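K.L.:
So the chains spell out like this:
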Amino acid sequence: MKNTNEMEIRFDSRSANEGFARVAVASFMTQLNPTVEEVADVKTAVSEAVTNAIIHGYENEIHKVCIRCRIDDNMFTVEVSDTGKGIENIEEAMRPMYTTKPEQDRSGMGFAFMEAFMDSVEVESEPGKGTKVRMKKTVGKGREIWTTQSL
Amino acid sequence: MKYQVQENCLTIYLPREVDHHNAEEMKREADAVIDRNHIKYVIFDFDRTDFMDSSGIGVIMGRYKTISLIGGEVWAVHANARIRKILTLSGVTKIMQIYEEDET
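These protein sequences, in sequence, are chains A and B.
Numbering follows this note's numbering, in which position 91 of the first sequence is assigned residue number 91; successive positions increment by one, without gaps.
For any residue, its number in this note's numbering is found by taking its place in the second sequence, counting from 1, and adding 1000.
Just so you know, these hints were derived from the structure itself, not from any lab.
Please read all numbers here as calculations on a predicted model, not as lab measurements.
Hints may contain errors.
Straight line, CA to CA, 35 Å or less: simulated DSBU-like cross-link-like pairs of lysine-lysine [unchecked claim]: (1) B/K1002 with B/K1065; (2) A/K129 with B/K1027; (3) A/K64 with B/K1027; (4) A/K101 with B/K1040; (5) B/K1065 with A/K101; (6) B/K1027 with A/K136; (7) B/K1027 with A/K85; (8) B/K1085 with A/K85; (9) A/K136 with A/K2; (10) A/K136 with A/K64; (11) A/K132 with B/K1085; (12) B/K1085 with A/K64.
Now the stretches of chain B that chain A is said to cover, found in silico as 3 or more residues with beta-carbon under 8 Å [to be verified]: (13) 1016-1022; (14) 1053-1060; (15) 1079-1090.
Built from N, CA and C at the ideal position, the CB exists for glycine as well.
Work the whole structure out from these sequences, hints included.
P.N.:
Here it is, written out as structure tokens:
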């Protein structure tokens, strides 16, 4: 039987909620028995996506950011969506070092980090409508080998 | 922001988590201190830090831009494996020295 579980949170696009968002996702994820490294990877990716929604999607106006998480056996999916201004050119936005806000010291590494730390990153966006980032990661890959090892 | 100034060297003691939320304040304060004290070297002390995202990279790159104009340098100390991974992945290690302390 498939082991599935879902959760959804909605919160104001205030930067103070970035910490809350990644901790909430990380704690939901613990039921997959992830490694410390895997939790850190997901926290970083969530932090990047939420930061993007706040500073690019809503340009620091206060609206809602939505996070949906889903567990399918050992596949962890997290979606971060906003109803902000959307992305004109997704390919350009995802290019490492590309940023529309260099004056704010943005490094342009947000999507690069999401791609580095998750197995897959998909972006759906429509200008004026909003953006949804869907990220997936298989959790607990190396665990079986470890637990079957005899002492 | 916790920091210390010794002559032209600024040490910033980074918080437990470095994200967009606290990066903003850190940038403002660091720039004011750099300007006031003619800082040439900035040391980022990651001793307490266990989380950093790309906003932290922005903080480092921004300070480097300022002080590199006068031939300054940025350093990282007490960075754990996770932080080092983030620094390396971002490519910021091309402009920043990571101080490796002895394994004790």
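K.L.:
If a hint holds in the structure, say so; if it doesn't, say that too.
P.N.:
Results of checking the hints against the structure:
{"no.": "1", "hint": "B/K1002 with B/K1065", "verdict": "holds, 21 Å"}
{"no.": "2", "hint": "A/K129 with B/K1027", "verdict": "holds, 32 Å"}
{"no.": "3", "hint": "A/K64 with B/K1027", "verdict": "holds, 26 Å"}
{"no.": "4", "hint": "A/K101 with B/K1040", "verdict": "holds, 26 Å"}
{"no.": "5", "hint": "B/K1065 with A/K101", "verdict": "holds, 15 Å"}
{"no.": "6", "hint": "B/K1027 with A/K136", "verdict": "holds, 32 Å"}
{"no.": "7", "hint": "B/K1027 with A/K85", "verdict": "holds, 26 Å"}
{"no.": "8", "hint": "B/K1085 with A/K85", "verdict": "holds, 32 Å"}
{"no.": "9", "hint": "A/K136 with A/K2", "verdict": "holds, 17 Å"}
{"no.": "10", "hint": "A/K136 with A/K64", "verdict": "holds, 22 Å"}
{"no.": "11", "hint": "A/K132 with B/K1085", "verdict": "holds, 27 Å"}
{"no.": "12", "hint": "B/K1085 with A/K64", "verdict": "holds, 32 Å"}
{"no.": "13", "hint": "1016-1022", "verdict": "holds (count 4)"}
{"no.": "14", "hint": "1053-1060", "verdict": "holds (count 6)"}
{"no.": "15", "hint": "1079-1090", "verdict": "holds (count 4)"}
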